[in-house]
Amino acid sequence: MSIASFCITSVFLQIVFFHSILIGNGFVAGDTANVQRIKRIFTPDDFEKLFPRANGYQVPPHPGPKPFNYANFLAAAAKFEKFCDEAAGGLDPDTACRKELSVSFAHFTQETGENARWDSVPQWRQGLYFISELGCNNSLAACSYCSPSTEYPCVPGEGYFGRGALQLSWNFNYGPFSEAIYGDKSKLLGDPDSLLTAENGVLAFASAIWFLMTPQMPKPAIHDIVVGKWQPTAADKAGGRYPGFGVTTLIINGGLECSETPDQRALNRIAYYKNFTAHFNDDFHKLFPHANGGTGLGPYTYANFLAAAAKFEKFCDEAAGGLDLDTACRMELSVSFAHFTQETGENNGWGPVPRWSQGLYFTSELGCSDALAACSYCSPSTEYPCVAGKGYFGRGALQLSWNFNYGPFSEAIYGDKSKLLDDPDSLLTAENGVLAFASAIWFLMTPQMPKPAIHDIVVGKWQPTAADKADGRYPGFGVTTLIINGGLECYSPTDPRAVNRIDFYKNFSNHFHVAPGNHLSCGGMQAF
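In mature numbering (1 follows the signal peptide of the UniProt record, and there is no 0), the protein residues as written are -18 to -1, 1 to 510.
Do not take every clue at face value.
Claimed, not checked - Result set (DSS-like, lysine-lysine): computed pairs, CA atoms no more than 25 Å apart in a straight line:
(1) K48 x K21
(2) K201 x K64
(3) K296 x K21
To be verified - Computed spacing ranges between beta-carbons, pair by pair:
(4) G275 x A356: 19 to 25 Å
(5) Q508 x K64: 49 to 55 Å
(6) G275 x K31: 29 to 35 Å
(7) T215 x E30: 40 to 46 Å
(8) A353 x R479: 23 to 29 Å
(9) G222 x M199: 15 to 21 Å
(10) Q508 x G304: 23 to 29 Å
(11) K64 x M199: 16 to 22 Å
(12) K219 x A260: 25 to 31 Å
Quick caveat, the hints were computed from the structure, so don't treat them as lab data. Ideal Cβ positions, reconstructed from N, Cα and C, are used throughout, including at glycine.
Please construct the entire structure, taking both the sequences and the accompanying hints into account.
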């Protein structure tokens, strides 16, 4: 369970999205920015769920320290402000943080896991069980882990065996970590056991984060790989070293695990990483398990949603009328996903997945193709002229329809209305499918006079005029339905499509811990 010596080898708007903040998990005055982000993404309940065996191995009758807890993890993260607060290469900081936590926890689990295959708790959630290397103590010569060094000299009687979340090992790691924390290499060289007890155990995590954040040339920092900062040289590529999870294993224990033959330890790390990644993206799959027809292949992915949101900086980052940004974002996600689900949902009333979680099933309007005249959705226009043989039927998360929407959206994205008028199918394929979400967010963000932007309604910017009030139009979910499909759904408060939207909205609001508010129905509202 120890980190091998550093021999040279050749072998995850800003958006508060998908991990609901549990009530009581508030920020503390003075929290660093990275700790604030971690708290949003990784809650105390997550810690208990992911590490139920933490500090599990104790030698009777004298229980040892129990350094692995949520508070200590946050305190350790605060010592390294770029941990979970840096991104490059097109990543947004929240996605980079989710990736960094997934990578970190996978390695923590391989290094410290109980590894009980028959336990009711799966192996990937058995991490942080061992606080130090099993069977080692300072009196055992085999556990000295001493490499002769004048810069970081070993102290007789002390063992530099694996300790902490990443099982920091060897004097040439204890010394530099001690310098980083104390400004004095002798602190931990003289007392390596204090790595588990100093600061009430914070160093058990801090040692791991230090290792992840610190390049040891010629090896890059694992942090830099994860967040997109490291780019391989020609020599790296010749040696098979490319950005990804594999090279992080190479850095940690490549001398033992990265031979040509698949090594079970390396395979474990991959399995753990996949599970942690699924956990930190869990809400997308939980909310949209039938996305892309249930195949998992198509434009509707978590990454594409984030990439689309990045094109509209005020989406999930604007609030008015006394709303705070987080609440406004949760409301905006709830409204958006309710409409996405009505427009693209499988609508299977008999399956095990409730209908409000069946959204993003259809990528385009069922039964339509460019060849069908009924699907042309062409309104005569000199400004946004239709192209013969092209159909402007519903595509994407909000089923963008009609030439008078494809043209302006094309202008907004490309600065050229003809791009999507000439090739409306590319709305589902351009940028690897990002436009399937971007078209929906554009529609939500864009006022089409006299209609206000749905975004402005949700975040509290739109205030109804006397004429709006006289026609029954008040801020609330109902008027957003009026804007999207009022001509078909808002004649009666019992229209099943509008009723579906309200039900979906209530469920998403409950998921994101926001009140649905008033004026949910568009029934009886007059058109703008």
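Now the hints, each set against the structure:
1. K48 x K21: The hint holds at about 21 Å.
2. K201 x K64: 19 Å, holds
3. K296 x K21: Answer holds: K296 to K21 is near 23 Å, not above 25 Å.
4. G275 x A356: 19 to 25 Å: For A356 against G275, whose Cβ atoms are near 23 Å apart, the range 19 to 25 Å holds.
5. Q508 x K64: 49 to 55 Å: Since the Cβ atoms of Q508 and K64 sit about 54 Å apart, the hinted range of 49 to 55 Å holds.
6. G275 x K31: 29 to 35 Å: 30 Å, holds
7. T215 x E30: 40 to 46 Å: At 42 Å between Cβs, range holds.
8. A353 x R479: 23 to 29 Å: The hint (23 to 29 Å, Cβ to Cβ) holds, given that A353 and R479 are roughly 27 Å apart.
9. G222 x M199: 15 to 21 Å: Given a distance of about 19 Å, which is inside 15 to 21 Å, the answer is holds.
10. Q508 x G304: 23 to 29 Å: 28 Å, holds
11. K64 x M199: 16 to 22 Å: Distance hint for K64, M199 holds at roughly 18 Å.
12. K219 x A260: 25 to 31 Å: Given a distance of about 29 Å, which is inside 25 to 31 Å, the answer is holds.
Comparing the model with each numbered hint stated earlier shows that all of them hold.
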